[in-house]
Every structure is written in structure tokens, then in C-alpha cells.
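Asks: Chain by chain, the residues:
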Amino acid sequence: MDRNKQHRQVALMRQSLFDQGLLDEQFVQLEELQDDANPNFVEEVVTLFYRDSARLILNIDQALDKSPLDFAKLDGYMHQFKGSASSIGAKKVKSECTLFREYCKAGNGEGCKRTFQQLKKEYALLRKKLETYFQLARQVGPVETACRRI
Amino acid sequence: MEQQSKINNNEKSIQQGFSPSGCGDLISTRKFTALMVDNDPICQIIQKAILESQGVETQFVGSGIDALDLLATGANFDIIIIAWVLPMMNGVETTRQIRAMGIRRKLLAVTACFDERKKKAFLDAGVDEFIEKPLNPKKVASIMREMKND
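If you read the protein sequences in the order shown, they are chains A and B. With the working numbering, you'll find the first sequence wraps up at 151, consecutive numbering, no jumps. With the working numbering, you'll find the second sequence wraps up at 784, consecutive numbering, no jumps.
Read the hints as simulated data drawn from the structure, not as lab findings. A hint or two may mislead.
[What the hints assert, rightly or not] With the Cβ distance kept under 7 Å, some of the chain B side facing chain A (calculated, not the full set):
1. 675
2. 677
3. 678
4. 679
5. 688
6. 760
7. 763
8. 765
9. 767
10. 771
Cβ coordinates follow ideal geometry from the N, Cα and C atoms, glycine included.
Isolated chain A (complex conformation):
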């Protein structure tokens, strides 16, 4: 009974990530790629995303500290960041990336800086929520296990 309750909790937690607009359909597509050979594919990819994108975040932070701003460079970094973020289904992060690029095109440094702060918040929030979700999902195990009669 407890096991079923835990599974429901995992399912609700997962659904909330979509309801809050943090994730989109791409995340579901990644989940569908998981199988017995790659049961933790999504978690592995998300972990790699956060590890790899830390470098881009640092590059953008440093580029935003320079004067005058090199909008072409900033745009290039953000283009790459957006590609990875959209590949894992990070919906809000992706939106902030799009907004940032619009500010780059307009040559609006303040807009870029403001948007980047918001992007980092969304990025950190998603990371925290996904870590909690994956941790709980691992503890609870796959649905089939829970349903197996002992």
C-alpha cells in the first residue's frame, strides 16, 4: 500500500514539473527512450546537461562583465545553451534563452543582464526539482516492482 502511495507521489511530482511550465514534451520524448538497457537515461542526460552548461553559464557571466558588451559573442553562447536546454525539455529556461537573444539583437545590455539573472534562477530551480524527483523515483523503483506480489 505504502509503495503505491510513493508511486503516486512520484507521478504527482512529475506532473507538477509540466504543470508549472518547467518541462515540455521533449522531456516525455526522452523518457520514452528509456528501456531496460538504459533505465536512467533521462537522469544521466540531465546530469550531463547541468555539468556541461555550467561552463557556458560562466562564459556568459564573464562576457556580461565586459565593456562594451560583445553581443555577437553573447548570442553565440546563448544559442548553444538554448540548444542543450531545449533538448532536455527545459521549457522556462529555453524561453529565457529566447528572450536573451532578442535583447542581444536589440543591443540591449541591461535587458540581457536582467534576463540572464532570471534564466539562472529558472535553471537552478529546475535542477533542484529534478534532483528531488529523480532521487524519489530511484528510491521507489519502477512501477512493475511495486505491483509485483510477494
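Knowing the structure of chain A, use the given hints to seat chain B on it.
Replies: Frame of chain A, contents of chain B only:
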């Protein structure tokens, strides 16, 4: 009579896609191959997994120059997928040079950020199709179906 019966049986086997030798092997399970030209590690992993889930054997290179070098060795791919942002030589120039080599295979451009200017540049350089990232299984399946019907 016996010879004719054998011929009929062989034809029937071939129509059903089986080797007439009777060993049960499928004679036309064509495996498609893809070359992905993208230096983003997240996109590499995800796109490879998506392509392989659709039965496409995938090889990766991280730059346009590496792609040209590989193709120059005579390596053959059913589909070449090229990102916009690449080190040293961008996706558009890479496309141009691939077509200049006389390669007529399907070329697909993928980019994190759609804009008309980029799309036009890629199409003028010779890609067959232009897609905004993320590449998703449904899109890949649709491309594979088209290629199988060709």
C-alpha cells in the same frame, strides 16, 4: 514440375522478405546510417539515442572539417544532420562544401534558434530540410518513412 514449384516457392519467399535458402533470414532489413555534425555533447547524446531508437546507425563528428575529412575517405551515410554552430567552419559553409564534393544524400539542418535568414542560408547552401532543435523521435520517424518510400 518440381523445378517450377521450387521457383514459385522461392518467389513467394522473396515477396515475403525472406531468403529463399530457407534459413529464415530477412533479406531486406535495410539499416539506415546517419552522420551527425554537432559539437554540443548533450545534443550528441540525445540525438544519437533518438536516431538509434528509430534503427539508424549514427556516427558523430564535432566539426565541419571532421565531417569533410570523414566523407572524403568515402564513408557513406543515408542522411547527414548538421548544426548551425560549429567550431572553425559553420554549418552553412560545411553544407556548401559537402555539396561541392558531389554528395547528394539527404542533408538536414538543425538549429537551436529558428530564423528566416538562417533557414534561407542553409537552404541556399544545399540542405533538404531545416529543423529547429530539439530533434524528436516523431520527426525522425517521418524522415525515415520518406526515405524508405524513395
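Asks: Need the list of violated hint numbers for this structure, in ascending order.
Replies: 3, 5, 6, 7, 8
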